[in-house]
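Protein chains in written order, with this note's numbering: chain H, -12 to 264; chain G, -13 to 256; chain U, 256 to 475; chain Z, 2 to 278.
Think of the hints as simulated: they come from the structure by calculation, not from any bench.
Do not rely on the hints blindly, as some may be mistaken.
[To be verified] Here are the simulated SDA-like pairs of lysine to any residue, each with C-alpha atoms no more than 20 Å apart in a straight line:
(1) G:K98 to U:L298
(2) U:K327 to G:K58
(3) Z:K101 to G:H122
(4) U:K291 to Z:H10
(5) Z:K101 to U:T272
(6) U:K291 to H:A254
(7) H:K39 to U:G378
(8) G:K58 to U:G378
[Unchecked claim] Sample of chain U residues with no beta-carbon within 12 Å of chain H, all distances over it, derived:
(9) A279
(10) I304
(11) P322
(12) M396
(13) L398
[To be verified] Rough simulated footprint, nothing fancy, chain G against chain U, three-plus residues with beta-carbon under 8 Å:
(14) 362 to 371
(15) 433 to 446
Cβ coordinates follow ideal geometry from the N, Cα and C atoms, glycine included.
Residues per chain, in single letters:
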Amino acid sequence: MSGMRASGRKAEKVNPMIHANWTVTILEAVLVFLILYKIFSARRGKELYIRKIPGLNAIDEAVGRATEMGRPMLFSPGLSGLGLPTLQALAILKHITSAAAKYRTRIIVPTADSVVYTIAEEISKDAYSAQGVPEHFNPEDVRFLSDDQFAYASGVVGILNRENVASNFMFGNFFAESLILAETGHQVGAIQVAGTPQITQIPFFITAADYTIIGDEFYAASAYLSREPTLLGSLVGQDYAKAALILIMAAGIVTATLLAIHPAWAAWLDWLKWLKP
Amino acid sequence: MFTGWLIKPGAPQWLWALGVLGDFLIFGSALFLLLQLVPVRYRKALVVIITFLAGLIYSVEFFVPADPKTGKNFLTGLIEQVADATNVVYAFALGLGIYSLFRFHGRNLARKRSGWHNSSAFFIAFFAMMLAGFWHDLRPSAMSRNTYNMLFDGIVAALGATMFSIVGFFIVSAAYRAFRIRSAEATLMLTAAFIVMLGQVPIGAYITSSLPTAGLGSLFKLENVSYWILNEPNMAAWRAIAFGIEVGALAMALRTWLSLERGSFFEREL
Amino acid sequence: MVNELFSWLSNSHITGTIGIWLAAFGTLAIYSILYKENPVYRLAEHIFIGAAAGYGVYMTWAQILKPLWWDKITGGQWYWVLALVTGSMFYFIYSQRYMWISRIIFGALLGLVSGSAFKGFAGINIDRIYASFKPVYGPGMGLGDILNNAIFIVVLLTVMAYFFFSFEHRSAARRMPSSIGRWVLMFAFGAIFGSTVMARMSLLIGRIYFLLHDWFHIAS
Amino acid sequence: MSVFEKLQHIDRRVTYLLLVAVIAAPLIWRLRLPIVVSPAVRGAYDAVESIPDDKIAVISIFWASGTIAENQPQTEALVRHMFLRDKKFAILAFDPQGNKFSYDSAARISKEMGKEYGKDWVHWGYRPSANFVPLLQALPHDVQGAIGKDYRGTPVAEIPMMQGIEKIDDIGLIAEVTPSQTLEVWIAFIYGPYRTPLIYAPTAVMAPEGFNPLDAGQIEGMLIGLKGAAEYEHLLNRQDFATRAAGALSTSHILIIALIVAGNIGYISSRRRRLQS
């Protein structure tokens, strides 16, 4: 797939786990159960509360502004090939193209991966057909630009400048080019909404974009925008899963503290080693 | 067909190419005809099943305990093949990307739209770089290597490094504009950035170089403060964000695998 | 004429010099965007995208298709032809009627991506969960460790609290952890920003040094 | 517009020009900014000094053109130091670009200092990074067998300085110059079992990877990015690229800080004025 991207810093170290042990199996089973349970209970029609995420409300505002000004929008789904962050980006793209099709506002989608390009084209075509205006879809607006990180950046910079873009959306995996895109968007006066699971790039979006979706608000986006019961349920399930992680860590902290005070209790408190990688 | 029986290893490359083409046509048409037999109402189900089965390969391989002697289970051999196959299949999609580029720039040229000369520059650069690559690979000589190096160093590497270095300019303008003490949040961000920036450069180390190198005073040396920020509070915050992101990704994976993500990508009936 | 060209191309000194001039002009052309968008930048952009695409085609062949596919077929593993058949399914997106065939390959890729998530989740998170079991107090611990661990725990919990979406934070006391979390986040983002500046400046310095030294021959 | 308002709205083009000026100046003219040598760099320097005469050093190259500004000066400073003290060394590249860059650098310095290829130094050529771990597993038992041929295609067994270099015990130091997470692998496969001294020369953003091993004594020293290379040059009493670049690093950071301060002075004063009026 696509090669290494220059990103600057790597996250904490990643230990490639080859096969699951029992602890991992049980932990993941619990998390999966919590998420699926909430999805299915939401599908049965349970009302769910989701807090406000200001950055995501801004998406509709940005679409509205481009429509009023009669200028195009740009959506960049990030640099990565087909992976989970890109899938989420494409789900957000679907929401935005549907709005674009509804208001007949032009949206340009430059991509950095052939497969992502293919799916993005399909999503856009689909969205225009669903709104009953398939003839408004311009296949040239969904483009493959380059799978080279900085050639892609140079192309998006060119489009942002030349097409007089009014709203710039950046969702997906971004690396060192995040600031190039966001700062150029700012310079051309576009209203910008951005979100990425790449933690190193979030600060650059915060400084240069108007609205930044932080951390796992990125994965909450499609639920928040579509209000689909499945997705809302999943979002609540994710909260429960995170709560489970917090409980495990709290128990671990208490145990570690007790062990530090009374090393002799190790015989009773050795559950910690189950999680030892 | 051809490649399996008729053409044996050692045959000339062009014969292999013909054989691959022939096999592709035979197998491709067979699969195509087979797929026509699938009734329209089962198409969606077929896609759902294939998605689920594909997901099973990696997940079952991960969860089934491995033979302690070899470190492998019954699927480990298969996933190595699947990983290669995925890479190969993915690589064939590059043609679509190239098609997209050619369609866009080709139309620019054909209709003499404004900027058409840029599109011709695109084509020239594309073919020059591609041919130089194959030339130096297939017919290595001083000439082909020089040409390849000239184009690679002079265009791809140089423009890439330049585009990358533009971040240096933009970091200055973004920091200047955004780091104002407008709110508590902005002030916190500014403070951390300020300390870490100073702690990383020689001049920062110089400012506090009069502090002792050991003991309590050394804690306040700028480079140590900056190191502490990066390794204690920053690491904890990073870990907390990452937990959320990872759980979000896991949920996304689950929904995709089980095709619960209805309406997230496609709506049109098949 | 052709012979002259060939003899130039055989001389690494000449091609090296041409390469440096190409690179220097390209560098200046790209930097011209900093002033404003202009025809020179546009030309450099198109050349860059073209060359990168050409390079991409060559690299896809040299690094993926040749070793993983072609060499296997010509080595006797004929069934790798099926990878080409599978890959061709992408191309049905351009047909209204057979578009659904492309969904099969999308489905398979989505399945593979999601199936490997369990492994990815475990590899990334198990170590980190374990590493988070930090004692808050112990007789053998120095004041520094105790403080650091306490800060670690507060930061971890408050930031995670910020990312809860479905719990209503009505009362101020309930809201407190998540607002502390948000402040901590901003502080952390500031630190990430600050720590990236040096690396980016190094690149820019490298580029300016190239122009001054390799091309202009000052700053030696 | 008052001075304070002007301070708040400096045109970005002006800031870019200032940036080019403050970077170019120390590169063109000698600008003696103070350099403080950190203990980590001192440790690396001392480790090179104490390589036994009957052992060789290995410089491992993982970098490519993307991080040349940081990793090349590190490589060159190490090479220069080894030539200066007559320590024999071998370069081993895991990146095709780094392979060429490192050979060119070492050959240039070798010529400049009157050293001879094959007698004072050798380049073991390039191995794909996929072979990194297998090579590290094979190297300790049979250096010449694991390496095979050098950069120029000569069997290493025929190279004068490689005579008697057979096992890991004949290697006195390993220097890892890298932009990626490769240190752990060296620690796991070489330092762990054989206690061969290691020094680490990462890019600035990767430096956090090194603090833990440094603290644990698994690495002797560390050169952090361009700054580390400059400190190393300072110890060698030289003022090469890194020293000048370190000046430029300092000046560019001072510029950013000055601009932030100026912007805030403008902001505070104009706000105060608005409150008064």
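A quick look at each hint next to the structure:
With a C-alpha separation of about 16 Å, the suggested pair K98 (chain G) and L298 (chain U) falls inside the 20 Å cut-off, and the hint holds. Our distance criterion of 20 Å between C-alpha atoms is broken by K327 (chain U) and K58 (chain G), whose separation comes to about 24 Å. Distance check on the hinted pair: K101 (chain Z) and H122 (chain G) sit about 16 Å apart at the alpha-carbon level, within 20 Å; holds. Restraint check for K291 (chain U) and H10 (chain Z): the C-alpha separation of about 18 Å stays at or below 20 Å, so the hint holds.
Straight-line distance between C-alpha atoms of K101 (chain Z) and T272 (chain U) comes to about 17 Å, which keeps the hinted pair within the 20 Å bound. About 70 Å separates the Cα atoms of K291 (chain U) and A254 (chain H), which puts this hinted pair outside 20 Å; it is violated. Proposed proximity of K39 (chain H) and G378 (chain U) is contradicted: the alpha carbons are some 32 Å apart, above 20 Å. Simply put, K58 (chain G) and G378 (chain U) have alpha-carbon atoms about 17 Å apart, close enough for the 20 Å limit, and the pair holds.
For A279 (chain U), the condition that its CB be more than 12 Å from all CB atoms of chain H holds, with the nearest at approximately 17 Å. Non-interface status of I304 (chain U) relative to chain H is broken: a Cβ of that chain comes within 12 Å, the nearest being about 5 Å off. At roughly 15 Å, the least C-beta separation between P322 (chain U) and chain H is larger than 12 Å, which holds for a residue marked as non-interface. With a least beta-carbon separation of about 7 Å from chain H, M396 (chain U) fails to lie farther than 12 Å from that chain, contradicting its non-interface assignment.
With a minimum CB-CB distance of about 14 Å to chain H, L398 (chain U) clears the 12 Å threshold, and the non-interface call stands. Residues of the stretch 362 to 371 of chain U lying with their CB closer than 8 Å to a CB of chain G number 10, which satisfies the three-residue condition for coverage. With 11 residues carrying a beta carbon less than 8 Å from a beta carbon of chain G, the stretch 433 to 446 of chain U meets the three-residue requirement, and the given coverage holds.
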